[in-house]
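Guided by the hints, dock chain B onto chain P, whose structure is given.
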Amino acid sequence: MTRYIIRRSLQSLALMWISTLIGFSIYQMAPGGPLQFLDDDPRRTQADVERLERTYGIDRTIAVQYVAWAFGEDWLPQTDFWRSGRCLSNADACARGIIRLDFGRSFSFKGTPVIKLIAERIPATFTLAFSSLLISVVIGFPLGIIAALNRGRWPDNVIRVSTVLLNTVPEWWIGLLLLIILGGYLGLTPLGGMCKIGDCTWQSRLHHLLLPATVSAIGGWIGFSRILRFEMLEVLNMDYVRTARAKGLSRRAVLWRHVLRNAMMPFVTGLSGIFLMILSGSVLFEMVFSWPGMGRLAINAINARDYPVMMALFVISSFLGILGVLMVDILYSVVDPRVRYDRTVG
Amino acid sequence: MATRSLDMPSRVEADGPQAKQQTYAGAVFTKIYRDKITVFALLLLAFVIGISAGASWIGDNVLGFSPTKTNLRMRSKPPTWANEAWPIFQEFTRTCNSDAGCDWSKWGAIFSASRTGLRDCFGSGLGDCHWMGTDDAGRDVLTRAVYGGRISLRIGLWVAAISMTLGVAMGLISGYYATTWIDDIINAIIMTLGSIPLLFLLIILSRIFQPGPEGLALLIGIFGWMGLSRLVRGQIFSIREREYIIASQAIGAPPLRILARHVLPNVSSIIIVSAIFGVAGAIIAEAGLSYLGVGIGPPLPSWGNMMQGSLGNFQNAPWLVITPGLFIFMTTLAIYLIGDGLRDALDPWIRQ
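Protein chains in written order, with the numbering used here: chain P, 1 to 346; chain B, 1001 to 1352.
Think of the hints as simulated: they come from the structure by calculation, not from any bench.
Owing to the predicted nature of the structure, the values given are computational and were not obtained by experimental measurement.
The beta-carbon is built from N, C-alpha and C at its ideal position, and this holds for glycine as well.
Hints are not guaranteed to be accurate.
Pairwise CB distance ranges (calculated) [unchecked claim]:
id : chain 1 : residue 1 : chain 2 : residue 2 : range
1  : B       : I1185     : P       : D39       : 36 to 44 Å
2  : P       : R251      : B       : E1214     : 52 to 60 Å
3  : B       : I1222     : P       : C200      : 40 to 48 Å
4  : B       : P1255     : P       : W154      : 46 to 54 Å
5  : B       : F1029     : P       : A304      : 50 to 58 Å
6  : B       : S1056     : P       : I99       : 54 to 62 Å
7  : B       : W1181     : P       : F81       : 30 to 38 Å
8  : P       : L21       : B       : E1214     : 22 to 30 Å
9  : P       : C200      : B       : S1056     : 48 to 56 Å
10 : P       : Y4        : B       : I1182     : 21 to 29 Å
11 : B       : N1061     : P       : L21       : 48 to 56 Å
12 : P       : A304      : B       : D1136     : 20 to 28 Å
13 : P       : G152      : B       : L1043     : 25 to 33 Å
14 : B       : I1185     : P       : R3        : 20 to 28 Å
A few chain B residues that don't get close to chain P, going by computed Cβ distances all over 10 Å [unchecked claim]:
id : residue
15 : L1042
16 : A1053
17 : K1069
18 : A1169
19 : I1222
Extracted from the complex, chain P is given alone in its bound form (with noise of 0.2 Å):
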């Protein structure tokens, strides 16, 4: 088992490294270039271009480029070839790399750097994704339960009918809906925010967390109630599960003891699922809701084309992904002893 933790954290790490070229790729793709805006100055010279692309070293090849934006210029000889202008005359200056948290200055926040912009907005983002993905957990799971339990009959149609409905809209159209009939005609819930200004006490911010989790969990309920029904159908057809019954176990234990024990397992893999379906989808519930998020961000910054914002936004929310599905593999290995840790067939 340790050794199949070690191949998966080695997995990810690559899986990491390769969001980063993906990450990095965005900023060469950009139209343009970051030195656009000099095209619209009459006065501007060739000589300036030149001397502001040494200063930022943007004259270098792509490649030594990408070395500096993710690993840090500080440690890299001291020339033309390998350091911007502005690292070569002052060392301060010089680029970390995202290796160390330095994800460069922002564009359009008047130069803040971007791991202050986002640091300031994880926690929104990681309460909305983490209490959506609770209350999923919290309403998927009896429902799955009950579906399964009532195969055929109402509770279980009831269940079907209302999980096409609910898949057929966009998600963040049923918050806009709820958001305007609750929040603006009936005055039940706030309207955006994480909290009132001024007054913010944890029950304001349950008050304003709850639309925005039940809404953005949508996805999720369904997700796990499916899971569950389906992998409970598979598990209560086993022979175990008659044996249980026939040497006079009671439906509840049998239930509990073997059918849910069982049944567990696939759950806790569509755990990664979801999470990487919240935390993705975490950009339309922000901007539905005013939720003061990383989504918000990147939304900000892509309409201000606010590139290293955009660069930062995008291989951090990979890393939580990446990471996040590790954690779970992990979980999952731990907990379910029946896992093949060869996973090269199947």
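Chain B only, in chain P's frame:
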């Protein structure tokens, strides 16, 4: 397909020599025809496709509006039939937000006002009634929603085609070359795409490239094939040890022939069904991207970018949110139900 009958298990036990010969396509058709829900869904989808295809005729002859003509005197107006009812409703919401609590008695006035409004609207001439109100540039919302179906359906179909092709190709390759380096590379790609938040990447890429409908479909499709590829690969695993595959290998059939003649027909129902669900998923994804302002840009109407106009104004103009949402709901519901019905109908093992 229609001329060649497929040996289905039930034909072996068919009752006597007079048993009617039935082709596979015929069996599928009968099953769909008997399934009332699927027939309803097909009609619903035909309706949506019909109004999108005939959008310009409907715009000119039924509604009387152009989807792009602005009218600055009619900005963010409620539906014409609700001209009287809307202020009463707003008063009602004001009472709800005050300390006094909701004044539910206002609903009587709201209903009677909208009833007379609706009657007037039915009697009015071409272009006199905005059935679903106007947007922030004074364009008719219903007309735009009817036109919006063109973009959304087009994107849906393109995405399904792209992701189906990619998914089938990758799945077949990785299933056939399983446990070799080719399979490892495809798995690595799937794993990478499976562990980064794709919506984020899509938003960034569509901002950078600012694609048209087909370009956007390409972007969504490139990141949407992994599930199908996994499915196809798994199916190949489950059938590659079957006797008929081994038999055709034994008589010297080349790999490509086995893939095309024996493997592909076995996974075709999965491919068709997941392509159909893919259309619905793509419509929802496009709506999300356009809502965020990085998908299809105005003035071209799409169901997503119509809602983008509601940002910050949704309380005063809820019809901007409701109308395109209902169109999305109608379309994707039809697609989901058809996919569900086809899944049962295409499976020769489930028979009534």
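Hints versus structure:
A hinted range of 36 to 44 Å for the beta carbons of I1185 (chain B) and D39 (chain P) is consistent with their spacing of about 41 Å. Between R251 (chain P) and E1214 (chain B) the CB atoms are about 56 Å apart, so this pair conforms to the stated range of 52 to 60 Å. Evaluation of the 40 to 48 Å hint for I1222 (chain B) and C200 (chain P) yields a pass: the beta carbon distance comes to about 43 Å. Between P1255 (chain B) and W154 (chain P) the beta carbon distance is about 50 Å. The supplied range of 46 to 54 Å therefore holds.
Checking the proposed 50 to 58 Å range against F1029 (chain B) and A304 (chain P) shows it holds: the Cβ atoms sit about 55 Å from each other. For the hinted restraint 54 to 62 Å between S1056 (chain B) and I99 (chain P), the CB-CB distance of approximately 56 Å keeps it satisfied. Restraint check, W1181 (chain B) to F81 (chain P): a C-beta distance of roughly 36 Å satisfies the suggested window 30 to 38 Å. A C-beta distance of roughly 27 Å is found between L21 (chain P) and E1214 (chain B), which places it inside the suggested range of 22 to 30 Å.
Taking 48 to 56 Å as the suggested C-beta distance range, the pair C200 (chain P) and S1056 (chain B) conforms, at roughly 53 Å. At roughly 24 Å, the beta-carbon separation of Y4 (chain P) and I1182 (chain B) lies within the given 21 to 29 Å, and the hint holds. In this structure, N1061 (chain B) and L21 (chain P) meet the distance hint of 48 to 56 Å, their C-beta atoms being roughly 55 Å apart. Our hint of 20 to 28 Å for A304 (chain P) and D1136 (chain B) holds, since their Cβ atoms are close to 22 Å apart.
Between G152 (chain P) and L1043 (chain B) the Cβ separation comes to about 27 Å, which falls inside the hinted range of 25 to 33 Å. Range check, I1185 (chain B) to R3 (chain P): about 23 Å between beta-carbon atoms, so the 20 to 28 Å window is met. Listed as outside the interface, L1042 (chain B) is consistent with that label: its C-beta sits roughly 16 Å from the nearest C-beta of chain P, beyond the 10 Å cut-off. With 10 Å as the threshold on Cβ separation, the claim that A1053 (chain B) sits away from chain P holds: the shortest Cβ distance comes to roughly 22 Å.
Against the 10 Å criterion, K1069 (chain B) stays outside the reach of chain P, whose nearest CB is about 27 Å from its own CB. Annotated as non-interface, A1169 (chain B) keeps its C-beta farther than 10 Å from every C-beta of chain P; the closest such distance is 21 Å. At roughly 13 Å, the least C-beta separation between I1222 (chain B) and chain P is larger than 10 Å, which holds for a residue marked as non-interface.
Checked against the numbered hints listed earlier, the structure breaks none of them; every hint is satisfied.
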